[in-house]
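Novice: Sequence:
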Amino acid sequence: MGVFNIKNTITGVKFNNKTGILLVTGKLKGNISSLEPKILLQEQINSEALFFPKVIVLKLDWDGENFSAILDFHDKREILSSGEAWDFYVKVNNDKYKLDMLNCPSFQASYYPFEDTLFQAVPYVTRKNNLSIWVKPKEIEAKVHHVELRPEGLILQVIIVNYSPHTTLNYTARLVFNKIEEQGIGVHNDSIKIEAANKELGGNLFSFFITKGSIFEKGVVKPGDTWKGVIDICDLKGNYVSLPLIIPDICRIDDKFSALANNRLCKAKFLINDKNSLILKVEQANISMQLERLSYEVGTTVALSGSIQGLENINEPFQINRLYLRLRSNSNRLIPYVIELPFELSRNNLSSKFSLKSVLNNYRIDEGAIWGIYVEILDEETGSKGEFVVYIQDRGVNELEYEQIIPNYDIKPCLVEGNSLVFKVRKKVITPVTNPIKIAVCGSCYSRVAFSSNSYFNPDYKEKYEVVHTQFHSSVVSVMSKPTKFPIDYFLNYTQTQIDYIRDDFEKGFFEKIELLKPEFLIMDFYADVFSDLIIFDEDHIITGSYYVRDSEYLYEISRRAEILTRENVEIYLSYWHKAMESFSRKIQDYIPQERIILQRARAIETFYDKDKKVKKFKNDRNFIERSNILFEYMENYLLYLMPNIQVIDLAQFGYIGHYDFPYGGESVNHYEPNYYKEMLKKVDDIVVRTLNSTNMITVKGEES
Numbered sequence: 062m063g064v065f066n067i068k069n070t071i072t073g074v075k076f077n078n079k080t081g082i083l084l085v086t087g088k089l090k091g092n093i094s095s096l097e098p099k100i101l102l103q104e105q106i107n108s109e110a111l112f113f114p115k116v117i118v119l120k121l122d123w124d125g126e127n128f129s130a131i132l133d134f135h136d137k138r139e140i141l142s143s144g145e146a147w148d149f150y151v152k153v154n155n156d157k158y159k160l161d162m163l164n165c166p167s168f169q170a171s172y173y174p175f176e177d178t179l180f181q182a183v184p185y186v187t188r189k190n191n192l193s194i195w196v197k198p199k200e201i202e203a204k205v206h207h208v209e210l211r212p213e214g215l216i217l218q219v220i221i222v223n224y225s226p227h228t229t230l231n232y233t234a235r236l237v238f239n240k241i242e243e244q245g246i247g248v249h250n251d252s253i254k255i256e257a258a259n260k261e262l263g264g265n266l267f268s269f270f271i272t273k274g275s276i277f278e279k280g281v282v283k284p285g286d287t288w289k290g291v292i293d294i295c296d297l298k299g300n301y302v303s304l305p306l307i308i309p310d311i312c313r314i315d316d317k318f319s320a321l322a323n324n325r326l327c328k329a330k331f332l333i334n335d336k337n338s339l340i341l342k343v344e345q346a347n348i349s350m351q352l353e354r355l356s357y358e359v360g361t362t363v364a365l366s367g368s369i370q371g372l373e374n375i376n377e378p379f380q381i382n383r384l385y386l387r388l389r390s391n392s393n394r395l396i397p398y399v400i401e402l403p404f405e406l407s408r409n410n411l412s413s414k415f416s417l418k419s420v421l422n423n424y425r426i427d428e429g430a431i432w433g434i435y436v437e438i439l440d441e442e443t444g445s446k447g448e449f450v451v452y453i454q455d456r457g458v459n460e461l462e463y464e465q466i467i468p469n470y471d472i473k474p475c476l477v478e479g480n481s482l483v484f485k486v487r488k489k490v491i492t493p494v495t496n497p498i499k500i501a502v503c504g505s506c507y508s509r510v511a512f513s514s515n516s517y518f519n520p521d522y523k524e525k526y527e528v529v530h531t532q533f534h535s536s537v538v539s540v541m542s543k544p545t546k547f548p549i550d551y552f553l554n555y556t557q558t559q560i561d562y563i564r565d566d567f568e569k570g571f572f573e574k575i576e577l578l579k580p581e582f583l584i585m586d587f588y589a590d591v592f593s594d595l596i597i598f599d600e601d602h603i604i605t606g607s608y609y610v611r612d613s614e615y616l617y618e619i620s621r622r623a624e625i626l627t628r629e630n631v632e633i634y635l636s637y638w639h640k641a642m643e644s645f646s647r648k649i650q651d652y653i654p655q656e657r658i659i660l661q662r663a664r665a666i667e668t669f670y671d672k673d674k675k676v677k678k679f680k681n682d683r684n685f686i687e688r689s690n691i692l693f694e695y696m697e698n699y700l701l702y703l704m705p706n707i708q709v710i711d712l713a714q715f716g717y718i719g720h721y722d723f724p725y726g727g728e729s730v731n732h733y734e735p736n737y738y739k740e741m742l743k744k745v746d747d748i749v750v751r752t753l754n755s756t757n758m759i760t761v762k763g764e765e766s
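Just so you know, we're using this note's numbering here: the sequence shown kicks off at 62 and counts up by one.
Please note: incorrect hints may appear among the correct ones.
In silico DSS-like pairs for lysine-lysine, Cα to Cα no more than 25 Å straight-line [what the hints assert, rightly or not]: (1) K137 with K342; (2) K204 with K189; (3) K317 with K298; (4) K254 with K88; (5) K485 with K744; (6) K446 with K488; (7) K88 with K159; (8) K279 with K199.
It is worth saying that the hints were derived from the structure and are not from the lab.
Since the structure is predicted, the reported quantities are computational estimates derived from the model, not experimental observations.
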């Protein structure tokens with residue numbers, strides 16, 4: 062690593078947790094006998110935010126080969142308390158090396174409590190066999206003694222309990238409301254600090270009084286804010302520790318929303334959430350912009366008029382500051398820009414007329430972009446501003462036609478989320494010169510549900526494509542075997558579509574339907590080959606052990622005349638699969654050329670979004686998922702070996718995960734979030750357009766050549 066090529070070996074570590082003295086002994090090897098090494102303790106940089114780490118230089122004895130270094134925890138308690146984790150290094154000139162504990166005898170250590178501070182520390186060995194120090198708060202708890210909601214405010218009494226043995230603490234306490242950060246955005250570090258009104262009961266009980274109406278300073282609060290209460294205690298050295306504030310189950314707060322003194326455009330109330338935390342919830346005041354008239358004319362001209370409702374209940378002065386467009390996004394906090402619109406105002410009545418083509422002329426127009434329209438109101442008394450959505454009752458707004466805004470893109474007014482007015486962009490729809498492209502699918506949800514009208518997937522797909530046949534959850538081995546009589550009586554509890562899928566797996570009519578229906582493209586994936594076992598009646602009669610069969614009584618009925626080949630017997634399983642795949646690849650080219658066969662690379666996933674938009678892990682064994690993905694890759698590559706000119710869609714680079722609200726069966730290691738299927742259809746579009754253009758054929762509807 063450095064020019065000295067130093068090797069260090071720690072020979073001993075001794076720690077006295079009563080005196081706080083740490084002794085480290087060791088040897089250094091390398092061309093350094095004439096140099097003076099240093100033993101350092103450096104603060105770790107583990108957080109996302111970069112900072113300059115603090116460094117402590119230890120007292121060192123050095124004889125040219127052996128060293129001993131001493132760290133006095135008590136003497137360095139102030140600086141140690143300011144960090145969380147520290148690493149030991151040996152430094153020679155500008156070269157640093159972590160102390161190597163690989164050959165050091167093990168040592169026992171317990172936490173040393175720093176005098177007059179809230180912290181304790183202990184030396185430990187990391188997973189990489191380096192010597193480090195871990196610092197954490199002492200065992201302290203904030204217990205709620207009393208909560209009472211009064212008309213004038215909230216009374217809160219908290220007892221601070223110290224569980225750390227043989228330590229006494231002198232500290233102050235304060236109640237802090239921290240603004241909960243918007244998910245995915247780490248820029249909101251606002252907090253409100255309320256000092257204790259008094260300190261009683263031997264110095265460990267603190268009382269707080271919170272007046273909701275005046276708690277916020279001007280400009281601090283915005284609608285949608287959620288503030289969570291914690292208790293901060295501060296030692297004599299000025300170090301703070303935040304303690305959870307847990308409200309006992311017996312305590313109840315029945316608060317109502319009420320106005321805020323420093324922002325009359327907001328209202329707030331106290332509540333206790335499902336984790337028993339004290340919350341101050343802020344919402345928009347009962348003010349809204351309601352349109353009575355909206356017209357949308359050729360040339361994207363918008364004319365609207367309406368009134369600001371709710372201001373009559375609040376004393377003047379208020380000002381209608383701006384009317385503007387902005388892109389809707391997952392965050393209402395970080396808004397890169399707005400586009401101001403002209404408007405006229407008469408008392409609380411507002412009217413505006415503008416051309417979307419003109420106002421958006423200098424801005425990027427993307428497919429699927431949604432522009433919201435908002436009015437900004439200024440509270441002149443407090444200086445607070447509020448953004449309010451423009452609403453209109455449904456008067457045929459969604460029936461208005463798209464108008465061209467720029468070449469290849471159209472825009473129109475729409476209503477979303479409780480009659481909020483927005484303007485939605487779509488790629489220009491070109492009148493087709495032929496019928497929709499005919500598609501066949503041999504696969505699973507990975508390939509098929511992208512062609513679904515459900516809003517989760519691609520509701521407009523039928524403008525471009527017609528799915529003429531789906532061979533669903535059938536393994537290639539089953540497709541290539543001989544027909545087996547379909548026992549429909551065992552499957553009557555399924556829908557007709559599902560019965561048709563099961564029948565296809567038994568009756569082996571895939572190629573006959575391909576010949577009859579003449580799809581222009583075939584999309585394939587190997588879900589059934591990776592996740593389903595085989596039910597073998599004899600070498601010529603095999604069906605897929607799909608979940609349809611797995612959950613039926615039929616499986617029991619055939620138990621004496623069939624056998625199951627599982628994927629655990631992978632060599633035998635693949636011997637069947639290789640033979641079938643080779644036959645399939647030869648036969649399919651009699652109906653569809655390689656260039657019109659699309660392989661959808663499929664992968665099982667480990668995580669999904671839950672209903673709170675938090676990323677959760679599936680309970681499936683990770684090894685199982687990894688094995689499945691290895692098999693996916695193997696089969697896909699083997700197909701490409703057999704048919705090297707087929708098309709491939711690979712969405713792995715986008716990092717999509719699952720979603721709890723998948724319409725057909727909920728979250729699964731094989732079910733993705735909506736964007737996966739939307740991106741897949743874009744990839745299909747690209748392949749179809751490119752393929753058809755290369756053969757001088759028409760373009761797919763919705764795309765230009």
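Novice: Straight-line Cα separation of K279 and K199 no greater than 25 Å?
Specialist: 37 Å, violated
Novice: Would the hint linking K485 and K744 be met if the CA-CA limit is 25 Å?
Specialist: Judged against 25 Å, a Cα distance of about 22 Å means the pair holds.
Novice: Are the Cα positions of K204 and K189 separated by 25 Å at most?
Specialist: 39 Å, violated
Novice: Taken at face value, is the distance from the CA of K298 to the CA of K317 at most 25 Å?
Specialist: Roughly 40 Å between the alpha carbons, so the hint for K317 and K298 is violated.
Novice: Between K88 and K159, is the straight-line Cα distance small enough, at 25 Å or below?
Specialist: Holds: K88 and K159 sit about 13 Å apart, inside 25 Å.
Novice: Does the alpha-carbon distance linking K446 and K488 stay inside the 25 Å limit?
Specialist: With Cα atoms ~36 Å apart, K446 and K488 exceed 25 Å; violated.
Novice: K137 and K342 were given as a pair; does the straight-line alpha-carbon distance stay at or below 25 Å?
Specialist: 42 Å, violated
Novice: Please work out if K254 and K88 have their alpha carbons no farther apart than 25 Å.
Specialist: Status violated; Cα separation ~51 Å.
Of the numbered hints listed earlier, those contradicted by the structure are 1, 2, 3, 4, 6, 8.
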